[in-house]
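Q: The residues making up each chain are set out below.
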Amino acid sequence: MLSKLTVSPAPHISQKLSTRRVMADVLIGLLPAVIAAGVFFRLRALLVIAVCVVACVASEWLCNVIRKRPASIGDLSAVVTGVILALSLPPMAPYSAAIVGSVFAIVIAKMVFGGLGSNVFNPAMAARAFMAASFGAAMTTWTVPATVDASLPTIAAANTSATTQATPLAWSKAVQKGQVEATYINEQASWAFWGEVGGCLGETSALALLIGGAYLLIRRTITWHIPAAVLLSAGGIALAAWLIKPEAYVNPLLHLFGGGLLICAFFIATDPVTAPLSVKGMWIFGIGVGALIMLIRIVGEYPEGVMYAVLIMNAFTPLIDRFCKLTPAGGVPDVR
Amino acid sequence: MAIQSSKATFPGGVHPPENKQLSEHGGIEPVSPPKLMAILLSQHLGAPCQPVVAKRDTVQAGQMIGKSDAFVSAPVHSPVSGTVKDIALQSHPVVGRTTAILIETDPDSAAESKPPFDRFDSGFSAEPYSVEQICKAVHDGGLVGMGGAGFPTRVKIEPNPAMPKEILLINGCECEPFITCDYRLMLEGTWQVLAGIRLAAKACGVDRVRIGIEDNKPQAVSVMTEAAASVKDLDIQVVAIKTKYPQGGERQLIRSLLGKTVPTGKIPPTIGVCVLNVATCAAIAEAVVLNKPLTHRVTTVTGQAIAKPGNYYVPVGMTVGDLIEHCGGLTEQAAKVVMGGPMMGFAVADLTTPLTKTSGAVTVLTQEDVTRAKHQKQQTPCIRCGRCLTACPEGLNPTKIAHAVKYNRMDLAERYYMSACIECGCCSYVCPANIEITGYIKTGKILVARAKKRMQA
Numbered sequence: 001m002l003s004k005l006t007v008s009p010a011p012h013i014s015q016k017l018s019t020r021r022v023m024a025d026v027l028i029g030l031l032p033a034v035i036a037a038g039v040f041f042r043l044r045a046l047l048v049i050a051v052c053v054v055a056c057v058a059s060e061w062l063c064n065v066i067r068k069r070p071a072s073i074g075d076l077s078a079v080v081t082g083v084i085l086a087l088s089l090p091p092m093a094p095y096s097a098a099i100v101g102s103v104f105a106i107v108i109a110k111m112v113f114g115g116l117g118s119n120v121f122n123p124a125m126a127a128r129a130f131m132a133a134s135f136g137a138a139m140t141t142w143t144v145p146a147t148v149d150a151s152l153p154t155i156a157a158a159n160t161s162a163t164t165q166a167t168p169l170a171w172s173k174a175v176q177k178g179q180v181e182a183t184y185i186n187e188q189a190s191w192a193f194w195g196e197v198g199g200c201l202g203e204t205s206a207l208a209l210l211i212g213g214a215y216l217l218i219r220r221t222i223t224w225h226i227p228a229a230v231l232l233s234a235g236g237i238a239l240a241a242w243l244i245k246p247e248a249y250v251n252p253l254l255h256l257f258g259g260g261l262l263i264c265a266f267f268i269a270t271d272p273v274t275a276p277l278s279v280k281g282m283w284i285f286g287i288g289v290g291a292l293i294m295l296i297r298i299v300g301e302y303p304e305g306v307m308y309a310v311l312i313m314n315a316f317t318p319l320i321d322r323f324c325k326l327t328p329a330g331g332v333p334d335v336r
Numbered sequence: 337m338a339i340q341s342s343k344a345t346f347p348g349g350v351h352p353p354e355n356k357q358l359s360e361h362g363g364i365e366p367v368s369p370p371k372l373m374a375i376l377l378s379q380h381l382g383a384p385c386q387p388v389v390a391k392r393d394t395v396q397a398g399q400m401i402g403k404s405d406a407f408v409s410a411p412v413h414s415p416v417s418g419t420v421k422d423i424a425l426q427s428h429p430v431v432g433r434t435t436a437i438l439i440e441t442d443p444d445s446a447a448e449s450k451p452p453f454d455r456f457d458s459g460f461s462a463e464p465y466s467v468e469q470i471c472k473a474v475h476d477g478g479l480v481g482m483g484g485a486g487f488p489t490r491v492k493i494e495p496n497p498a499m500p501k502e503i504l505l506i507n508g509c510e511c512e513p514f515i516t517c518d519y520r521l522m523l524e525g526t527w528q529v530l531a532g533i534r535l536a537a538k539a540c541g542v543d544r545v546r547i548g549i550e551d552n553k554p555q556a557v558s559v560m561t562e563a564a565a566s567v568k569d570l571d572i573q574v575v576a577i578k579t580k581y582p583q584g585g586e587r588q589l590i591r592s593l594l595g596k597t598v599p600t601g602k603i604p605p606t607i608g609v610c611v612l613n614v615a616t617c618a619a620i621a622e623a624v625v626l627n628k629p630l631t632h633r634v635t636t637v638t639g640q641a642i643a644k645p646g647n648y649y650v651p652v653g654m655t656v657g658d659l660i661e662h663c664g665g666l667t668e669q670a671a672k673v674v675m676g677g678p679m680m681g682f683a684v685a686d687l688t689t690p691l692t693k694t695s696g697a698v699t700v701l702t703q704e705d706v707t708r709a710k711h712q713k714q715q716t717p718c719i720r721c722g723r724c725l726t727a728c729p730e731g732l733n734p735t736k737i738a739h740a741v742k743y744n745r746m747d748l749a750e751r752y753y754m755s756a757c758i759e760c761g762c763c764s765y766v767c768p769a770n771i772e773i774t775g776y777i778k779t780g781k782i783l784v785a786r787a788k789k790r791m792q793a
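Quick note, the sequences are listed as chains F and Z, same order. With this note's numbering as the guide, the letters of the first sequence map in order to residues 1 to 336. With this note's numbering as the guide, the letters of the second sequence map in order to residues 337 to 793.
These are computed hints drawn from the structure, not numbers from a lab. Since this is a predicted model, take the numbers as computed values, not measurements. Heads up, some of the hints might be wrong.
Straight-line Cα separation of at most 20 Å, PhoX-like style, residue types lysine-lysine; simulated pairs [what the hints assert, rightly or not]:
(1) F/LYS280 - F/LYS325
(2) Z/LYS778 - Z/LYS742
(3) Z/LYS713 - F/LYS4
(4) Z/LYS789 - Z/LYS778
(5) Z/LYS781 - Z/LYS742
(6) Z/LYS713 - F/LYS16
Could you build the full structure based on these sequences and the hints that come with them?
A: Put into structure tokens, the structure is as follows:
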């Protein structure tokens, strides 16, 4: 009997919550977006997701084997990285490119830094940036969702073939350049909400992302601070621009529902490893991400800025954590 | 009598499963003393006692057997009549091994003692006892804070011109899961607790008393409210406060009841508050009125893996093993024996560890209670989720402190206010990576204390 008693520091009970459960919740939260991708881009979308997930998990496992460490794939974090990376790819992304990106995400952006919890940059976004630099054309080819016919109103300049279509953000850029009327584009906002627009696999349907985000909030997998900060700062800037010059800037709803803003707010910027710890830090981080996204979208040459905004703020996370040191409940002690 | 309740509470905290149903209906039962007792000489914060008896001496029940001349200390007494068998090292629940006086119980006087609840009633008055008399009885009786920390009670209640006390808070929260000893004491020894409160208020020189009880114990709240209403010479109120762990932490209770915060690194008297546990109050009444030292206490024996959970009036110095044996022994599922509650208690492997004045419970946990990951000590990397920051009732950054300690950076740990940690265990409780954050912080504090000692030497 004696030998069976264990000794360890208090507390002796713990909440029934594990890293695996947290990751599983994120996957459940991503499910509506995955389903939406399947609806709008059919089998191809699901295959891209599958390829990314398998490549991510396999490369993490290989890293474990090479470094002679216990297998860490059970925590499901590689699966999450795979799904998020896939959802941020264009529907027709070549499988080879998807595999290269997945390997980069896990090996370079995550395992080289020391694995889960030690990476500085969001692995999926780092890999996407790498892919944007390496496979430029493939990463900007947008397919028309399978549910709509190709005769949808599109912009002539971007519509080079019958199977490609501009994204809401490409329209927004075209409006800024005066190539098309803003009022005409603003009518597209409702399509962007449902998801029948061009774009990356997981970002087209705002509805699916909102459902998934709500799930994460209800499960308390994420706190509301980062999503609120990102959406408020991005939405605020978009609104300001629209109010100042409605003929040059599109409806802020288009900015909120179009592009990767929602998936960023709920699933990417909230990656705990690369976001600040404190609530104050989360606000600074979130506002920074939202502001950078809009800066790139409105002022920059790229139509979309989620990836770079997240990576830039990831780099600031240690600094933010250092600045937002918590004050103990009893105040800072007089004599140290 | 209207029950007063308060929604005010402290920030942070957790809601572990309460599990009080196992023992809350069991009345306090006396336990006959075992053949051999081991009375530890260090059962309090402060200087350990020196033995004042020798091997083969005979001792009487209630006789002082160890004392210290230090200001912050409390003497220890023998709970039984018998013979000193040895003075030797014995396993201690907190500090490893310390000196204990082993007493063989005289078989003729091995009768069980009953709690003296019936000696007190609503007619009690603190009038006949002077402040000096109360303080002396409290010191000579070896009284210490029975809620867990074991700070000598005399030091707390004695008048101190440098820090005058304005209000006395009575801690009846019992926020630890499983434990029900204070609850039963409030129900069964209501008048004794109240007598102790009135004596303590007199010693402290305060006329305002607030009794904080968590709202998951409505019966205790109503019984205490009714009893408190009979007191006319004191402004005494029972407040039902939110059930949340660690509501019974001294600093948290002050925040919840008074809305005040004790400055970091300071003790409650600096803001004019004295906090006493209900069990300590009962002991004060016993020591002052009945002249009986602290040799017995109510202890909850509980958990899924114990045959007969309940609340027992236990002689201090009885070993955990003897007490468990008295309660029908461990069942097959027993995985961990904890002295105290599951959040702050100390796991023991050696069942000859004696109970101390601060042992409010013996909790026997099953593997299921402990959770599999914790049982197998599987830790995964910190994913910086920030749950520990949200749970910390002291507003600290537990993960940063734990990692600083892990990499032996005590300077960094102190920069994140390691010494402000109250070791409540909320951070470890919520951690999805199952990191023993509290364990690291405790280790860090010990290492810092050792380093300071070395500097002085």
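Q: Holds or violated: Z/LYS713 and F/LYS16, Cα atoms, limit 20 Å.
A: Between Z/LYS713 and F/LYS16 the Cα gap is close to 14 Å, so the pair holds against 20 Å.
Q: Would you check the hint for Z/LYS713 and F/LYS4, treating anything up to 20 Å between C-alpha atoms as holding?
A: holds (14 Å)
Q: Decide if the proposed pair is consistent with the structure: F/LYS280 and F/LYS325, CA atoms, cutoff 20 Å inclusive.
A: holds (9 Å)
Q: Decide if the proposed pair is consistent with the structure: Z/LYS778 and Z/LYS742, CA atoms, cutoff 20 Å inclusive.
A: holds (11 Å)
Q: Check whether the Cα positions of Z/LYS789 and Z/LYS778 lie no farther apart than 20 Å.
A: Distance of about 17 Å is within 20 Å: holds.
Q: Taking only the CA atoms, is the gap from Z/LYS781 to Z/LYS742 under or equal to 20 Å?
A: holds (12 Å)
Taken one by one, the earlier hints all hold for this structure without exception.
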